[in-house]
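*Asks:* Each chain is listed here by its residues.
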Amino acid sequence: MINSLFLINPSGEIFLEKHWKSVVSRSVCDYFLEAKEKALEPEDVPPVIHTPHHYLISIYRDKLFFLSVIQTEVPPLFVIEFLHRVAEMIQDYFGECSETVVKDHMVMVYELLEEMLDNGFPLATESNVLKEMIRPPTILRSVVNTLTGTSNVGDTLPTGQLSTIPWRRAGVRYTNNEAYFDVVEEIDAILDQSGTTVFAEIQGVVEACVKLSGMPDLTLSFMNPRLLDDVSFHPCVRYKLWESERVLSFIPPDGNFTLMTYHVNAQNLVAIPVYVKQSISFFECGSDGRLDVTVGPKQTMGKTVEGVMVTVHLPKTILSINLTATQGSYTYDNGTKLLVWDIGKLNPQKLPNLRGSLSLQAGAPKPEENPSLNIDLKIQQLAISGLKVNRLDMFGEKYKPFKGVKYITKAGKFQVRT
Amino acid sequence: MSASSAFNDEKGGSSNVGEPEYGHDPASGGIFSSDYKRHDDLKEMLDSNKDSLKLEAMKRIVAMIARGKNASDLFPAVVKNVACKNIEVKKLVYVYLVRYAEEQQDLALLSISTFQRGLKDPNQLIRASALRVLSSIRVTIIVPIMMLAIKEAASDMSPYVRKTAAHAIPKLYSLDPEQKDCLIEVIEKLLADKTTLVAGSVVMAFEEVCPERIDLIHKNYRKLCNLLIDVEEWGQVVIINMLTRYARTQFLNPNMNESLLEEGGGEKAFYGSDNDDDTDDEEDKEEKEKKKTEATAIVKRKPYVMDPDHRLLLRNTKPLLQSRNAAVVMAVAQLYFHLAPKAEVGVIAKALVRLMRSHSEVQYVVLQNVATMSIKRRGMFEPYLKSFYIRSTDPTQIKVLKLEVLTNLANETNISTILREFQTYIKSNDKDFVAATIQAIGRCATNIGEVRDTCLNGLVQLLSNRDELVVAESVVVIKKLLQMQPEQHSDIIKHMAKLTDNIQVPMARASILWLIGEYCEHVPKIAPDVLRKMAKTFTNEEDIVKLQIINLAAKLYLTNSKQTKLLTQYVLNLAKYDQNYDIRDRARFIRQLIVPTDKSGALSKYAKKLFLALKPAPVLESPFKDRDHFQLGSLSHLLNAKAGGYQVLPDWPEAAPDPSVRNVEVPEWTKCSSREKRKEKKADKPFYSDSEGESGPTESADSASDTASGSESGSGSEESGSGSESEESNEESESASEEDEEEEGKKKKKNVEKIKARKPVPESESEPSSGEDVKKSEKKSKPRIGSSESESEEDDDSESESSESEEEESEEESEEETKKKKKTTASKPPSKPPKKENKKEKKEMSLLDFDDFDPAPSPSQVTPLNNFLSSSLVTDLEGLSLTDNVLSPTTIVPSGNLKTYELLHRITGEGLSVEYCFSRQPFSPDPHMVAVKIQFTNSATSEAKSLHMEDAKLQSGMRIKEFPEIEVLPAGETVSVVMGIDFCDSTQAANFQLCTHTRKFFVSIQPPVGELMMPIFMTENEFKKEQGQLMGMNEITEKLTLEEKCQGEHAVVQRVTTAANLSRVPCGSDKECRFAGKTVTSGSLVLVSVVTKEDGAAQLTVNCEKMVIGTMLVKDILQALTQ
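Those protein sequence lines, which keep their order, are chains A and B.
Residue numbering for the first sequence follows the working numbering, beginning at 201 and increasing consecutively.
Residue numbering for the second sequence follows the working numbering, beginning at 76 and increasing consecutively.
Read the hints as simulated data drawn from the structure, not as lab findings.
Beta carbons are placed, not taken as given, at the ideal position from N, Cα and C, and that holds for glycine.
All clues stand as given, with none of them false.
Below are the PhoX-like pairs computed for lysine-lysine, each with C-alpha atoms no more than 20 Å apart in a straight line:
| id | chain 1 | residue 1 | chain 2 | residue 2 |
| --- | --- | --- | --- | --- |
| 1 | A | Lys613 | B | Lys461 |
| 2 | A | Lys238 | B | Lys506 |
| 3 | A | Lys600 | B | Lys1020 |
| 4 | B | Lys637 | B | Lys680 |
| 5 | B | Lys506 | A | Lys537 |
| 6 | A | Lys606 | A | Lys411 |
| 7 | B | Lys425 | A | Lys440 |
What follows is a list of derived Cβ distance ranges for each label pair:
| id | chain 1 | residue 1 | chain 2 | residue 2 | range |
| --- | --- | --- | --- | --- | --- |
| 8 | A | Lys606 | B | His704 | 45 to 51 Å |
| 9 | A | Asp542 | B | Asn577 | 41 to 47 Å |
| 10 | B | Pro458 | A | Ser394 | 22 to 28 Å |
| 11 | B | Thr529 | A | Lys503 | 42 to 48 Å |
| 12 | A | Arg446 | B | Asp1026 | 34 to 40 Å |
| 13 | A | Arg446 | B | Glu1048 | 45 to 51 Å |
| 14 | B | Val723 | A | Lys503 | 55 to 61 Å |
| 15 | B | Arg192 | A | Phe595 | 41 to 47 Å |
| 16 | B | Pro581 | A | Glu243 | 28 to 34 Å |
| 17 | A | Pro252 | B | Asp701 | 24 to 30 Å |
| 18 | A | Ser225 | B | Ser230 | 35 to 41 Å |
| 19 | B | Asp576 | A | Ser557 | 33 to 39 Å |
| 20 | A | Lys606 | B | Gln191 | 51 to 57 Å |
| 21 | A | Phe595 | B | Ser230 | 35 to 41 Å |
Just a sample of chain B residues kept apart from chain A, beta carbon distances all over 12 Å, derived:
| id | residue |
| --- | --- |
| 22 | Arg666 |
| 23 | Leu687 |
| 24 | Lys1146 |
Start from the sequences and build out the full structure, keeping to the hints where you can.
*Replies:* So this is what it looks like as structure tokens:
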């Protein structure tokens, strides 16, 4: 399946390689680097490249390219999904996934990769299992511990990999037993010039941070599960119970994980928390233009809209800008032509406004399309779909865990066309 | 963001500077020499005695490998350390070996023996890791060793090792394909494995080694289907893909009746709108016709009934659409696309649309597949049209794919929305995307007659766009559209003719010229003028434009020679001297053809026909058309080219192969046999589910799933496997089914089931369901039975209760527990007071009389709180059964004799004093634990609340079963509880905290060695036999002089049994006392004999497999006998 993996930084340097079958020369990456040169943005590099002898499947994540070399037929998503797991694993282990981190923990990353695949086929990808093998105890060390300990071939199975609950470590102990759930909803929307919604939907995710001793068996139920139109689960969730009773019943992994993602039925009209009044115009004669953007709260359910940010990819022909913001501050990078206006909290009494002039390169034609605005926002303590967690019950363990649920609404891919 | 990236760059740079030894330019001399030196010091470090130095060296070497630097010259130094005791070093050496063994085969052989030793290790993880490394070393000489190791590991007890064996198969195969036949044998064996751990890996091996041996799957098909949901994600993908192929060879096309006809009809309507000049390929129609007749023929032959196994596959894969893993979702989607009846395919749309919110690479792949699917099954994605709307931030490749899907989804009803959306896209800055949009508009226009004019007008407007690329693309598309109805659009042609002055893009100019030439009769005035202009600029034009100018000239010459004769001559003359030979050729050819000369051949008569023949309009079709002959989701599909190792998705068979090949003869599985019986009775119906076969494709899977999951578990029961399923349970159910027909037998079975269902501790998942299944099937097949309604209802209750808690419980736990359960008693009372049972007992005659188990606390019994009540009962019973067997009553030590130890003193405990003793009762929740009775006495003035324990600090391997929390202990009261500790056969103390509602006390319990064992009954002969086997190192003999008081036999027995928890073994001679027991955790035998001689002299012999325990026991007993 997966023959080799190369980690490549944005400037094209290969800084880690791992082979699971026979060694593939790193010159194979040249095909990829060529494609990368051609692409304007790193995202534009085709994920699958066909070379004379190999297939290259790559992902771009956290400013790094993960490039895998394939020799025979394999479902491309299989590889892509795995590469993302690698990135997540690095993130999980070292707090972030970046070139520096990988270079600092070269040996450990290499060992992790060794454990994650065997002969190119995924072996241990669950973070709980990996941590048992490669944190303080490596797989062999734990083996020897059990050997030199009083029991030799115990009938107890030492690692999670061997149990039917591969996602949970054995023998978890905490003094404070706690389980937190974050219900995070993102609004994906496209608004047109007049502010009408072209398309809007809500994506939700339930992120969990569970630190409970032993083998707790949790049941999470919602007040209004019917809202959920489409769901996907962490493997720990018992699907049948969801089908029959609409409750999430699961033995959680230890630590942070994504319990479920869901999609709220698009037929329910999605409440759009902000409106944007904008006018971007370029004058036909002369090389000038104007920009005027106002953001205001719309359907916020009485909550404050925070962290509002407007991002605009200005046309390439813009030479310079001269704007003033009534609230917050803006930054403009002339290299990438990226204008970011960080507004902060929305105050309904005094609407933030950004206006000023844009100057174009001399002689450049007027841009045909106005740049679209990407909006970022955050509303605390609100799930915009109205989803509510009803209760969380624990079985299988005797202690009383501390439980908490938090709701956040964010803007996902929220775009205003102009 | 930008700042952080700059920081990263800087850091990256500095780290390079900081480590010059990893320099990037190996050619530079300085680094080379330092490299050399560094290797020298690495060698030194590796040769040193210090593990820390070795580790350091290995870490640096592995870092070199990771960076892609060559470290092969260190091989001899590294391989020496393969037997290193330090695990971390060893592990890194393994990593090194796997990387370089191929290059240094001879030296690598030195390490093989280490792995061979590892293969025999008692620990499963070591065995697995040895096999893993051994099989990863690509050295051909060791192929026989690998083969042997794989074969052995394939029948290993541990499923983990078997999994590793499955992984090793493709490795060996790639090393030496000659081994294929042997490997297939191993694969066959492993395919029969019933654990989820192995399933994914072995199917992977199957796919790599012998994907053509589909016959190996037959017997395992149902098992794989049933296991699927519990297999790990990656295995699921492989299994689903394989099963898709399998199903294509074994089942009939579910769509052969209705859908094929419907599809044909649908397509007709689709193209019907532009029937006027749509010259559909004749062959295509014929083919359709043929198919139709074929289909009808089949329909006439036999009505389609879906094979129950086919249904099983569809049903069992459906829940996986909810997986978080995109690859799994895609695998299920393609399975449904290729295998499901048309009416059911729709379910995958939602899941696929969900994937589109994932990473852009995932989107890319999913969109490719959606594009293919949306051609075949447009209706499926129509509700999700808006999800394919394009954002300006999408990468171009995603945009283009979304456009493709939108175009495929366009129909009469939604076209206006789509076109409005397209209009926004045309304004985009991304020119490639704009070009793609224009083409998409063109395709919509060809497909949907109603909007053709609108589209055309829109495109014409684009002709005045400032961007040349946009104009050019529009011209090309307009040309294609005009070809369909040229006569109505002469004004557009005129408009385009004017554009020749401005448009510089060659393709566009060529298109315009072609159009004018083709339809010169519609624009008779303009055409010659255009030619005139073109003739002027001929020499400066691009080649494709020149060719079209010649074409135009030729066509005009043929239709309007009066006006254009000279111009044509002129153009042809220019072309004659062109640099490009194609153009010269073309000119020569055309001159011969059109200009009549005396020697011109017969062809010139037909020149007009040749040039001005009616040309069919081009069909603008999706590049994704017909891609579905590749299995969707595959790499080949994505590339639209066969990738190496791609297994072709076979066509449906004409007639279904024998479905009985999938029947598994497993006589010991009762459910199977009962199912078979049922089948015999109702031979006319498919045996999985009665309702299903009839309702066919339209039946909703949800409603059926319940009964189905029940009825399937005949094969489902196999999944539980894992060897832990003890004989007893089989016997139980078997015996039950034998009497299946009889009323009595039925009741008994129900009882058995009930017992199973109520077991307090979870069992493996399949059991309850199988129980349910049998019953359900019974109910179904013989509804008249159900001896009483209420009863069966109750059954359901209790079952659902249990299954709730049981489902997916840890195997570890369940395996162990079930084992123990079965060992101790086949019928164990539940933890809750068996109220329900009593009720039931009255209703029906039960073979297992529960009344015997009525809780009757005996005085000598420790009385633990709440739920230990009933379990202590079992303890009691076990004790009883023990006493029945044991001859000498002295073995049971009255509790009064038990030595108590202090756990917490009254003073330190602030009024709470705690004592403990080893009750010597088997600890029923876990027979591997030593029961410790703890007695709390509250001598304080206030009550103590919530007494419990927490935070146990244990040596590795030790376990503790906590006692239930004591809510309140009033002042002056005493209460006892029982807890279990697995000391792991060591005398290490168990440390934990004892907590009240206010305080925590650190306490520890240290067992005397004599308490680590439990008595077993043995006959004299057995004792001798066992003793004979535990000679040598395992035997410890001591001479002693007995104390005066204890010279009688009775006294000796008394003292020994007090010191150690052993039972007496009968002995012919009165000079000798024998005792037997086994250690609690590992069950190793402990045999003690005391031979008395004259004058109090005696000899003590202890035989024990565990020497440490033996020695300590000798010491303890000596002390007991001599004091």
